[in-house]
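> Could you build all of it, start to finish, from the sequences and the hints given here?
Spelled out, the chains give:
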Amino acid sequence: MQILGYPLDVGPILLTLEVATITSIVLLLIGTPIAWWLANMRSRARIFFEALVALPLVLPPTVLGFYLIIALNPDGTLAQFLKYFGITGQLTFNKTGLIIGSVVYSLPFTVQPIMAAFEALPTQIVDAARTMRASFFDRFFTVIVPLARQGFLVGVVLTFAHTVGEFGVVLMVGGNIEGMTRTVSIAIFDHVESLEYTEAHILSILMLIFSMLVLIFVYGLNRRLQIKTG
Amino acid sequence: MFQGNLQLKLGNFALDSGEFAFESSGVTVLFGRSGSGKSTLLRAMSGLDKQSHGELRFNDEVWQSGKKALPVEQRDIGFVFQTAALLPNKNVQGNLDFAIKRIPKHRQHGPSTHEIIERVGISHLLNRPVDNLSGGERQRVAIARALLTRPRLLMMDEPLSALDWRAKSELLLLIESVIADYQIPTLYITHAPIEVERLANRVVFMADGKITSIESLGDATSRIDSPLFTKEGPVSVLHGQLGDIDPDGLIAFESRQQPESDSAFTFWLNRTEHSNPHAPGAKARLRVLARDVAIALHRPEDISMLNQIPATISQIEAEPQTQRQVVFLALADGQTLLAELSRRSVQGLGLAIGQTVFALVKTAALLDR
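Chains as they are written, first to last, in this note's numbering: chain S, 1 to 230; chain D, 1 to 369.
Don't take each hint at face value.
[As the list claims (entries may be wrong)] Short derived list, chain D residues pointing at chain S, Cβ under 8 Å: (1) A69; (2) E73; (3) F81; (4) A85.
[To be verified] Derived coverage of chain S by chain D (criterion: at least 3 residues anywhere in the stretch with Cβ under 8 Å from a Cβ of chain D; other residues may be distant): (5) 114-127; (6) 139-151.
Calculated directly from the structure, the hints in this document are not laboratory data. Every residue gets a Cβ at the ideal spot worked out from N, C-alpha and C, and that includes glycine.
Written out as structure tokens, the structure is:
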């Protein structure tokens with residue numbers, strides 16, 4: 001494919017978007033209960049779990065990637081455990097590996113904004129819903145999610161963007177297999193390695209524009225969606 | 001009937017109610033200074049706080065036993081919070097619908113939705129978003145919403161404290177009449193004695209996270225160290241009924257302890273002491289400051305004061321700080337009126353328990369609906 005007369009490799013772009021979308025959905029499903037659990041935890045253990053969730057922010061991606069390769073290898077505990085349930089198949093060096101790696105690596109980007117939104121919930125409003133006989137799941141979807149919507153939006157957008165931009169973990173867990181696990185950031189690295197600066201430029205400028213748009217969106221959201229309560 | 005004992009720790013504050021038992025009918029006011037634990041007790045009684053433990057029975061139902069609690073959703077409580085706590089993503093109608101949609105079949109009776117909305121005076125607000133309502137309007141919507149859950153019990157946590165004085169007096173009037181007409185047992189938190197005197201059937205006094213006493217309003221106002229008394233000194237609250245306006249422009253207040261009983265005496269009020277539209281026959285309460293009551297041994301003939309009430313002295317107590325004497329006067333219908341006199345007056349008149357005298361009342365305020 002050509003863009004403005006320059007060559008553009010769409011494969012990595014499509015793969016990256018696919019992985020980021022699936023990762024965002026998976027993390028929304030996993031991250032929401034974790035955020036709720038942490039936000040409502042009163043014991044001291046909370047400090048430990050909050051640190052654990054934040055770990056991918058500070059840990060070198062290579063360290064994370066290394067442990068993931070160990071954990072996910074075909075003879076590893078996890079693979080054996082899944083095999084017991086009849087789920088077989090490679091967990092590393094394919095799309096599954098990319099998604100597992102991304103989910104772990106982007107976890108704090110989902111959990112932290114949603115947790116902050118849960119903590120800032122106006123308790124009297126949620127309590128009012130309870131006295132109006134709304135059960136937990138009822139009030140969760142009719143009251144809590146609308147009140148915390150800003151946290152959810154920021155969480156999903158940041159997760160998506162962060163997954164698009166990741167490099168280290170993807171390289172470790174996914175390898176760099178063309179057409180299979182070569183995402184945009186790895187493709188740029190590849191192009192630079194092979195001195196294909198034009199191709200690297202095109203992908204880089206697309207990433208730059210994309211990242212800027214995401215941040216403008218998030219900051220705009222922060223301003224516009226202040227929750228009115230009382 | 002409420003019975004039990006409840007404990008709840010919130011941060012540095014610990015509630016330990018001690019054993020309590022009181023009737024649930026009418027209005028029970030939880031009264032105490034801020035930090036005394038009244039809101040915490042109400043939360044523990046409502047079941048909103050999962051950390052509470054102890055025992056609680058409402059009539060024959062067990063609401064709390066140890067750490068096990070009946071979920072709030074199944075207690076049929078209508079709760080009005082200090083902040084109206086309206087759902088911000090819905091308009092007024094949406095807020096009411098939230099309550100209406102979740103009423104279980106066995107509670108779908110009583111006044112109609114339409115009637116409640118009219119009664120609370122919000123029918124013109126239904127399509128308004130909740131964030132541009134005034135404080136009074138928000139609290140009205142909150143009250144309507146609580147009533148629309150068809151509760152067996154109303155809980156109100158300082159519903160008036162965030163309002164200006166005008167909205168306060170309008171809402172107090174509304175709450176008073178709604179509770180009386182719909183006959184919903186109510187637990188009401190306030191730290192304003194005037195709200196207690198107007199609404200309460202009984203008062204639960206709280207201090208330092210404990211219930212210190214539970215008294216009828218009559219008992220609570222017939223001891224000189226009552227926490228209800230402010231710097232105005234002791235206050236009596238007399239129950240009765242409004243009569244007609246006489247040709248001289250005076251309003252009759254007929255003292256009656258019970259609506260059926262005979263009137264013990266008629267109290268005459270100036271129109272100025274009575275600001276709301278006049279409704280003959282309406283139940284009313286009369287608030288009399290003890291310092292506005294004088295005592296005469298014989299019925300004075302040549303005096304302008306109209307309200308001369310025969311009474312028997314039942315008790316004389318001295319206020320510890322001021323040496324002022326508080327004379328308890330038993331009226332013919334069994335109600336008690338307090339008179340605050342100087343020690344010199346008490347000794348000069350030779351007042352003693354059992355003596356019949358006349359109470360002269362200078363002014364009184366009608367706590368009416």
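> Would you mind marking each hint as holding or not holding in the structure?
So, going through the hints one by one against the coordinates:
1. A69: 12 Å, violated
2. E73: This interface hint holds because 5 Å falls under the 8 Å limit.
3. F81: 5 Å, holds
4. A85: For A85/D, the interface hint holds, since the closest Cβ of chain S sits about 4 Å away, which is under 8 Å.
5. 114-127: It holds: at least three residues are needed, and the region 114-127 of chain S offers 4 whose Cβ sits within less than 8 Å of chain D.
6. 139-151: Answer holds; 4 residues pass the 8 Å Cβ test.
Hint compliance for this structure: hint 1 is the single one not met.
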